[in-house]
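Can you build the whole structure from these sequences, using the hints too?
Listed below are the residues making up each chain.
Protein chains: 2
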Amino acid sequence: MSVTAASGFVASGVRCGIRKSRPDLAVVRSVAPATGAAMFTANRMQAAPVKISREHLELAEPQAVVVNSGVANAATGARGELTARASAAEAARLLGLDADEVLVLSTGVIGEQLPLDKIFTGLDAAVADLSRHGGEAAAQAILTTDTRPKEATAGGSGFVVGGMAKGSGMIHPNLATMLAVVTTDYALEPGEALEFLRPAVEASFNSISVDGECSTNDAVVLLANGASGAPRDDDAFAEGLHAVCEDLASQIVADGEGATFLAQISVRGAASDAEAKAIARRIATSPLVKTALFGRDPNWGRVLAAAGSAPFNGGYANLDPDRVTLDFDGVRVLAAGAPQPVDPALAGSGCSIRLDLGLGEGTASYLTSDLSYDYVRINADYRS
Amino acid sequence: MSVTAASGFVASGVRCGIRKSRPDLAVVRSVAPATGAAMFTANRMQAAPVKISREHLELAEPQAVVVNSGVANAATGARGELTARASAAEAARLLGLDADEVLVLSTGVIGEQLPLDKIFTGLDAAVADLSRHGGEAAAQAILTTDTRPKEATAGGSGFVVGGMAKGSGMIHPNLATMLAVVTTDYALEPGEALEFLRPAVEASFNSISVDGECSTNDAVVLLANGASGAPRDDDAFAEGLHAVCEDLASQIVADGEGATFLAQISVRGAASDAEAKAIARRIATSPLVKTALFGRDPNWGRVLAAAGSAPFNGGYANLDPDRVTLDFDGVRVLAAGAPQPVDPALAGSGCSIRLDLGLGEGTASYLTSDLSYDYVRINADYRS
Chain A
3 MSVTAASGFV ASGVRCGIRK SRPDLAVVRS VAPATGAAMF TANRMQAAPV KISREHLELA
63 EPQAVVVNSG VANAATGARG ELTARASAAE AARLLGLDAD EVLVLSTGVI GEQLPLDKIF
123 TGLDAAVADL SRHGGEAAAQ AILTTDTRPK EATAGGSGFV VGGMAKGSGM IHPNLATMLA
183 VVTTDYALEP GEALEFLRPA VEASFNSISV DGECSTNDAV VLLANGASGA PRDDDAFAEG
243 LHAVCEDLAS QIVADGEGAT FLAQISVRGA ASDAEAKAIA RRIATSPLVK TALFGRDPNW
303 GRVLAAAGSA PFNGGYANLD PDRVTLDFDG VRVLAAGAPQ PVDPALAGSG CSIRLDLGLG
363 EGTASYLTSD LSYDYVRINA DYRS
Chain B
3 MSVTAASGFV ASGVRCGIRK SRPDLAVVRS VAPATGAAMF TANRMQAAPV KISREHLELA
63 EPQAVVVNSG VANAATGARG ELTARASAAE AARLLGLDAD EVLVLSTGVI GEQLPLDKIF
123 TGLDAAVADL SRHGGEAAAQ AILTTDTRPK EATAGGSGFV VGGMAKGSGM IHPNLATMLA
183 VVTTDYALEP GEALEFLRPA VEASFNSISV DGECSTNDAV VLLANGASGA PRDDDAFAEG
243 LHAVCEDLAS QIVADGEGAT FLAQISVRGA ASDAEAKAIA RRIATSPLVK TALFGRDPNW
303 GRVLAAAGSA PFNGGYANLD PDRVTLDFDG VRVLAAGAPQ PVDPALAGSG CSIRLDLGLG
363 EGTASYLTSD LSYDYVRINA DYRS
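Residue numbers (this note's numbering), protein chains in the order written: chain A, 3 to 386; chain B, 3 to 386.
Derived from the structure by calculation, the hints contain no laboratory data.
Since the structure is predicted, the reported quantities are computational estimates derived from the model, not experimental observations.
Just so you know, nobody snuck in bad clues.
Ranges of calculated distance between the beta carbons of each label pair, as one might list FRET restraints:
| hint | chain 1 | residue 1 | chain 2 | residue 2 | range |
| --- | --- | --- | --- | --- | --- |
| 1 | B | Ala340 | A | Ala276 | 31 to 41 Å |
| 2 | A | Tyr375 | B | Arg24 | 26 to 36 Å |
| 3 | A | Ala130 | B | Asp383 | 51 to 61 Å |
| 4 | A | Pro346 | B | Ala80 | 18 to 28 Å |
| 5 | B | Val333 | A | Pro201 | 39 to 49 Å |
| 6 | A | Arg150 | B | Arg24 | 40 to 50 Å |
| 7 | A | Val344 | B | Ala80 | 16 to 26 Å |
| 8 | A | Ala240 | B | Ala205 | 43 to 53 Å |
| 9 | B | Pro35 | A | Asp322 | 31 to 41 Å |
Positions of the beta carbon are idealized from the N, C-alpha and C atoms, including for glycine.
Rendered as structure tokens:
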């Protein structure tokens, strides 16, 4: 159900022919007037659909989302923008909406134009297929190198939050993308959606790393239609939204290219939250830390060296080697800079790495995966 | 000859017993009064010898350098600083110098104390062995996971620049380090050495990437003793110094862990040199670009996506997708944002990647290696 778990949402997923033999076009629509927001990739190489969707969000409240897989419509110039606009306009016509009320997302190969004829034909079928039971088909149609669909739901006092996502690296071999569409029947006023979405994304999708890259097409969309009629309880909604985003983000990391082992990195005691985040991110994206995880090696030296070289404000984040305390899976390997005579074993599907800098109150966490032979194989074998 | 190629320098390399069966202690000394400078790792986790050598450089002109391999003397607290100081003091006593005139460098395992008894015994032998012919032995004694020693020389009008280096990743499995000692018989005034060293290091050691990390012990030292008696020709000296640093840096990349293919990345047309460097570095350290190189895939999409997400001043470096021109080995794959109908073949030992952003006058270059199965094997198998 996922993206259609909340009341008043319908979805579908069909095969329009961009991909050889897999569904490749999804539509999600609110049947009650909705408000919404989206967050997009920070990459300067923004794909055409990102540009067009940004424009639409400035002009109207989003009521529907069209997602295609197979072609990212990135690095496609003015014609790429035209096809993105035309996709939104045709979906809007079929759905009885204004073009500005439709967001378009794409994921797949870069540098190829979107085949508009296939999109148009597919939209006919996708709109005809829209139903309360279409969430799963939609979740399937947005996948690229993913090995499984990603769906999540959370309930609150009378309302539901549901979502779907795709992504098996922060960026895929084909430069496909981390995409998520989250829907809720909780009621939000216009303009409020972004206030809720931003912290939820920061703590979830922006706190995962498979390979430290952000793609040309990354996007997270939230639609809220108030169809539940539930009374406002903003804390409960924030919690539900956070839970769905975190669940989807974890599924992306667990489906990471070649991932065999996960690490939950927690940094505390940093000079600021921003510095804690910079350090957590540096550890999470270090190829040396990630290969050590693949070898199940609690290599605290690599963790420290990564932490000590976390870019921050044009220099490096603050760290005092004599104050650093580090735990692997709850076993203290370093206490205020002093190595401890322990050798924790890493086993199972993942571990926790907790770093206390002893400097201040800043905290952050990051979920990462190991760097395995299969990561190299998947990404070296793929041809552009 | 390398580090003893210039007049007035002697060196030696001996086995002091830190490592099981390889030479592990090197001494380089100027026999004529020298001036010098050093640049060290920017990592906040600085090893004890880095701290002590920095102090010594503030107090005196360096006349000798002691380098040990096997133990990095990093994350070793106050006792580690004591052993670094004691090593310098004992070497100074044997060499008839002040302790402040000796720099100490270490590379090897992190979190272990330097065995001072072995260092002392080794220093006796190393000082006794000092000779004009000791450059090669010194270059051998500083290696860790390197598969071969790195030496380089360049001549100018009457003077010589020579050097040795170690490093097979920017950081090694055992957190060992990129180290270089460069000597010259060109005459410099006190305080001048750093002016020449800084741009040479920026264009060489700071423009290579094996895995994008900087270690706890990275250091480059320059000693100049004027023993050639050659007249000043600063342009020629700068050129010779640059050539030696670049040669050593290239040898480090070529000996990178598991490296099978090199890429010379050139960025021009950036809004500034600093932005060009940020973009070149981002491309050079991207795991997706590096796995594509391993697969000999001229994957311009990955290059663009990396370029578009180059961290700069808290945001991303400027890039306009519609102005980007990209060449692989001289073949234009993207012209002002438009993909070209070409498919260049990558073969041999390396390629060039030239990116023109079409925005300004900023330029930078970076040398990188691919990310192979062997990188993962070497770094996953090594135990801390």
